[in-house]
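FYI, in mature numbering (1 follows the signal peptide of the UniProt record, and there is no 0) the residues of the sequence shown are -21 to -1, 1 to 221.
Just so you know, the hints here were simulated from the structure itself, not pulled from any lab data. Be careful, since some hints might not be right.
Taking lysine-lysine pairs in the DSBU-like style, the calculated list, with each CA pair at most 35 Å apart, reads [said to hold, decoys possible]: (1) Lys54 x Lys156; (2) Lys26 x Lys54; (3) Lys54 x Lys132; (4) Lys154 x Lys76; (5) Lys194 x Lys211; (6) Lys69 x Lys132; (7) Lys69 x Lys206; (8) Lys132 x Lys194.
Note that the coordinates shown come from a computational prediction; the quantities given were computed from them, not determined experimentally.
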Amino acid sequence: HRLLPLLLPLLLPLLLPLLLPHSVMIILRKLSLAPRLVGARIRGCQKHTLPDLPYDYSALEPVISAEIMQLHHSKHHQTYINNLNVAEEKLAEAKAKSDISTVIALAPALKFNGGGHINHSIFWKNLSPDGGEPQGELLTAINRDFGSLDGLKSQLSAATVAIQGSGWGWLGYNKQKKILQIATCPNQDPLEATTGLIPLFGIDVWEHAYYLQYKNVRPDYVNAIWKVANWKDIITRFNAAQ
């Protein structure tokens, strides 16, 4: 019993993968926390910051209004980042104190806010006023797995529109089967951490992503977003995933 307080700081890094859900551990690695989690103590966390958009807020009009883009990027994404930084600070403090109960309790906040940061960081790059068209190996894979580009659009749009409440529709890559797959995730659950699929293209159907412009007509928003899909970015992600 006397040795336990001395051993806990050394054992906690080994216990974390057993204590936290697998999806949360993957999120932490994605957020570049892994090097800090393997040490005996966490002395400080590097703050996450809001990534710049690669275009102006008005660049995606008329598909997505400048007002929505500004609110979505500067307010909603920023909030996920702020809350993620707070959660990571609390995680660092809990780990330094060998407070296993608090480490476990922080898992939902890390998953939700870490997922929100990961998802939106992909989303901004997935969109472009001049995103081109699918080509090369990606187009071949789309034709193989969905019959055609229209087949992909139809299937992913239908799955995304059908999400109950808030969430994301995704085109992902299955590395084991070497095929493209469609998946949906509730809330801010990140695709790779929860399904194993590598995210290529995501459609955000939280109401803050479209309601000011499309009101409650989600299908109009989902069908329109293909007009600003950044196939150059999607191709880059596909090539990297293989």
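Next item on the list: Give me the numbers of the hints this structure contradicts, sorted from smallest to largest.
Entry: 1, 4, 6, 7
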